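**Q** Given the coordinates of chain A, assemble chain B onto it according to the supplied hints.
Given next are the chains, with one letter for each unit.
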Amino acid sequence: AQSVTQLDSQVPVFEEAPVELRCNYSSSVSVYLFWYVQYPNQGLQLLLKYLSGSTLVKGINGFEAEFNKSQTSFHLRKPSVHISDTAEYFCAASNDMRFGAGTRLTVKP
Amino acid sequence: IAGITQAPTSQILAAGRRMTLRCTQDMRHNAMYWYRQDLGLGLRLIHYSNTAGTTGKGEVPDGYSVSRANTDDFPLTLASAVPSQTSVYFCASSDSNGKGPEEQFFGPGTRLTVL
Chain A
1 AQSVTQLDSQ VPVFEEAPVE LRCNYSSSVS VYLFWYVQYP NQGLQLLLKY
51 LSGSTLVKGI NGFEAEFNKS QTSFHLRKPS VHISDTAEYF CAASNDMRFG
101 AGTRLTVKP
Chain B
1 IAGITQAPTS QILAAGRRMT LRCTQDMRHN AMYWYRQDLG LGLRLIHYSN
51 TAGTTGKGEV PDGYSVSRAN TDDFPLTLAS AVPSQTSVYF CASSDSNGKG
101 PEEQFFGPGT RLTVL
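Quick mapping for you: the protein sequence lines, in order, are chains A and B. Anchor point for the first sequence: position 14 equals 14 in my numbering, and the numbering is continuous, going up by one each time. Anchor point for the second sequence: position 92 equals 92 in my numbering, and the numbering is continuous, going up by one each time.
For reference, chain A alone in the conformation it holds in the complex (with noise of 0.2 Å):
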């Protein structure tokens, strides 16, 4: 079976920053990856998701997320992060589906 490793459980960061939320995966075969983003008191909405094709993958709200094969890692990154991205930041590799514990990204003003 896949598991999923999300390196952080909480991130802090300043508005405007840079921001990167690890998340290595462990598998075998071909796998599909994905990030989801929760905000407080609702469900999960996907960011991005890498099936197959070019490693840099551009997701929603500026977020971004590379593959990298040999580093088992699909990290995902923004160049500058605003208030609003405060929320829990879920990565996810499928064939059975499996999620990360969760990063907590926290944006101060």
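Be a bit skeptical, because a hint or two may be false.
Some chain A residues flagged as far from chain B (calculated, every beta-carbon gap over 10 Å) [unchecked claim]:
(1) Ala17
(2) Pro18
(3) Gly62
Calculated cross-link-like contacts (lysine-lysine; reagent style DSBU-like; alpha-carbon spacing at most 35 Å) [stated by the list, open to error]:
(4) Lys58/A - Lys69/A
(5) Lys108/A - Lys58/A
(6) Lys57/B - Lys58/A
(7) Lys108/A - Lys69/A
(8) Lys57/B - Lys69/A
(9) Lys57/B - Lys49/A
No wet-lab data here; the hints were simulated from the structure. Nothing here was measured: the structure is a model prediction, and the numbers come from that model. A virtual CB, placed ideally from N, CA and C, is assigned to each residue, including glycine.
**A** Quick look at chain B alone, frame taken from chain A:
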């Protein structure tokens, strides 16, 4: 378009009681899922259904059962609730088109407390 609805929004339940969490989608997606979300553990898959009439076990199926009588509905039943089932439960659906896993659409969640 409602997407996915879940009911109830929240519930406090005595241990030993039976409870069914309801989930309905109007997107005609073939696949549906139930997850529980616990602090520090992320989302864990309880049960899933790839198409109406079929169901499968996820990562944490014990103590839960599901049915998929039609495309739209995917109820989750706790036959005899225990305090460790206190959690936030999310239903999700996806339109598996044969090309590989696709985006899941999530409901707003049900907050369940078992005392």
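**Q** Checked against the structure, which of the hints given earlier come out wrong?
**A** Failing hints: none at all.
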